[in-house]
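K.L.:
Protein chains in written order, with the working numbering: chain G, 124 to 536; chain W, 309 to 572.
Careful, some of the hints might be misleading.
[As the list claims (entries may be wrong)] In silico PhoX-like links for lysine-lysine, alpha-carbon gap of 20 angstroms or less:
1. G/Lys459 to W/Lys564
2. W/Lys406 to G/Lys484
3. W/Lys513 to G/Lys475
4. G/Lys475 to W/Lys373
5. W/Lys513 to G/Lys484
6. W/Lys564 to G/Lys399
7. W/Lys564 to G/Lys127
8. W/Lys513 to G/Lys217
None of these hints come from the bench; they were simulated from the model.
Small disclaimer: the values here were computed from a predicted structure and weren't measured.
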Amino acid sequence: MHDKLIQKLEILSDAAKYDASCASGSAGKRQAGKTDKAGIGSLTGGSGICHSFTPDGRCVSLLKILMTNYCIYDCHYCINRVSSNVRRARFSVKETVDLTLNFYKRNYIEGLFLSSGIVGSPDLTMESMVRIAKSLRLDHGFKGYIHLKTIPNASPELQAEAGLYADRLSINVEMPTQPSLNKYAPEKDLGAIHGAMNTLKDKITEHKVDKTHSGKRPPRFAPGGQSTQMIIGADDSNDKIILGTSVKLYSEQKLRRVYYSAFSPIPDASQVLPLKPAPLIREHRLYQADWLLRFYGFTLDEIVHDDMLDMDHDPKLAWALRNRHVFPIDLNKADKMLLLRVPGLGARTVQKILSIRRYTKLNWIDLTKMRLPLKKLKPFISVGDYSPDIHLLDSNNFELQFKQPKQIELFGA
Amino acid sequence: MKTITVTSVPGFDKWREASRECLAHGIPPEHVIWQNAHSVQDDLFGHEEQTQATSNFQIKYTIPKSALALFKYALCHSDTNRFALCYRVLWRIIYENKNLIQLKTDEDIMQLYALAKAVKRDAYKMSAFLRFRELNNEGNEHFVAWYEPEHYSLEIKLDFFQTRFKNMRWSILTPYRAAHWDTETLFLEDNPDPSVVPDDDRIEKYWLTYYANIFNPARIKTNAMLNQMPKKYWKNMPETSLIDDMIKQSGARAHKMIIDGNKH
């Protein structure tokens, strides 16, 4: 049987796959039925559970669908633009709610990630999306995760209401610069997007305050914060521009997460677009760099030396190769920020080193026991009974040893 | 030499009782042989040396919380050596170094962490990959799942399932034990009968449709998928039956997009 709902689901999940975000984390803890007999679901506190994985390597954590793929806009990179020839469909509020609950009860998902084409007007679209979230929360006591992709031009009242029911709100900037937006998404305006993000930011901070002066806790508002996505390699923006945009979004709009999505060809593509997919390795390097910027204390200028990231080495190793004078670093003495800069030491390993070091001095044998990537570490560190050959770091062909054979897997089977 | 047979799985409570008793008698780890008989009878000591040490139980030992948490996970491992290892670490914390647990380069501690880590991962995968099917039960929703954890992970994840699906009737069956929840009480049943799990579910076809369509054929990263979802988990996950075809057809589908793009 090929029923109508299956057809809709085919169309509206196919249309949603170009959004890389699948995360369902960091919106705090909560559960249904703590005080009453109704409702379903919980948030476990940490990052959400990946319930499955598809052969593109991505995790399936949420029911990620479009409410509708009808759209009045004409963004070239988008499969749902008005000039595209794709099949169109629209879920009703009830269909979306039922599907979410039925999937959730079978432990397929952590919740719903709802996005939509613009149908009628931004306000009408946003209103229907809010109705779905509201019904899940109020009619069904759903305590799972809800991520709504906000419509940038919808009214502030609707944005505010969305935040009452959603754990996370997001607006995609799509392109890092206005000229690129002009070319690829003529109806989108970077200023308006930033404006909407700022409105959300203010709401989120306002509601984060533990208690109001009257002693009451303000209603929750998108406790998981906001995120966004940039498409990589459709326009000609270089990595420095892209990461520069991210740095601003993290510091000014207080975003939780910026996602990078390597441009990949879509069915019925617009002619303005490149024909070939952007290399996935670039997307990978951007994520690595993004991580270093947020958690490892690196600055943008440190990470992107030229305009593009080094594709052959991960950004931390590339930085180390450019800054050999800093090394070797003594693992028994260096402070945390310095340890974080050693290629091959992740944040967790650094924590481990700091904790061991309080009780005993680290020697080479300890590193082998900790199963660290010794080959990578070797030239950059010293411990109690080991220090590297200084000439090694200074030699001209030093970096050759880190050159990896082409990562075939990354470019497709 | 003292032999202790823990006759239940995973055996955390039994291990703790027996360990306390051994400590009270000052029996060092090298004089204790731990066995795990996979039997469901709730009887602590199999045989010999039924010691009465109740009076000595008052001795208080300070064991760091982090160690107890590690024991809890490690004792859910399927490795029979877990009891001996945990007792040895316990002994060494008391008589050798109260900060032992921080020495992550110590052989015993490394092994303890390794066991705990394996159990944590196994338990996480259980909360991720377990699939409920609805039992046709005349209007009464009842969800049933069959899952084969590598370790005794059901015990670790009971809280999770009870919290998330509190107002739902469900049963989780594993080869060694089942947990039944009726929205109020939990009932455990040893060696359950897997034939009560339904073969199909009315919603599964939608899930399969979703899984096939959320996948992007223009980017294949099979290894990344296998890393997170090794094949050993596949047999109880309905969507995995689609994977082979999805990969086979992906090249042609991605190619078609490029060809179609050229036509404009």
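K.L.:
Hints first: check each against the structure and report whether it holds.
P.N.:
Evaluated hints:
{"no.": "1", "hint": "G/Lys459 to W/Lys564", "in the structure": "51 angstroms, violated"}
{"no.": "2", "hint": "W/Lys406 to G/Lys484", "in the structure": "18 angstroms, holds"}
{"no.": "3", "hint": "W/Lys513 to G/Lys475", "in the structure": "46 angstroms, violated"}
{"no.": "4", "hint": "G/Lys475 to W/Lys373", "in the structure": "18 angstroms, holds"}
{"no.": "5", "hint": "W/Lys513 to G/Lys484", "in the structure": "58 angstroms, violated"}
{"no.": "6", "hint": "W/Lys564 to G/Lys399", "in the structure": "12 angstroms, holds"}
{"no.": "7", "hint": "W/Lys564 to G/Lys127", "in the structure": "26 angstroms, violated"}
{"no.": "8", "hint": "W/Lys513 to G/Lys217", "in the structure": "19 angstroms, holds"}
Of the numbered hints listed earlier, those contradicted by the structure are 1, 3, 5 and 7.
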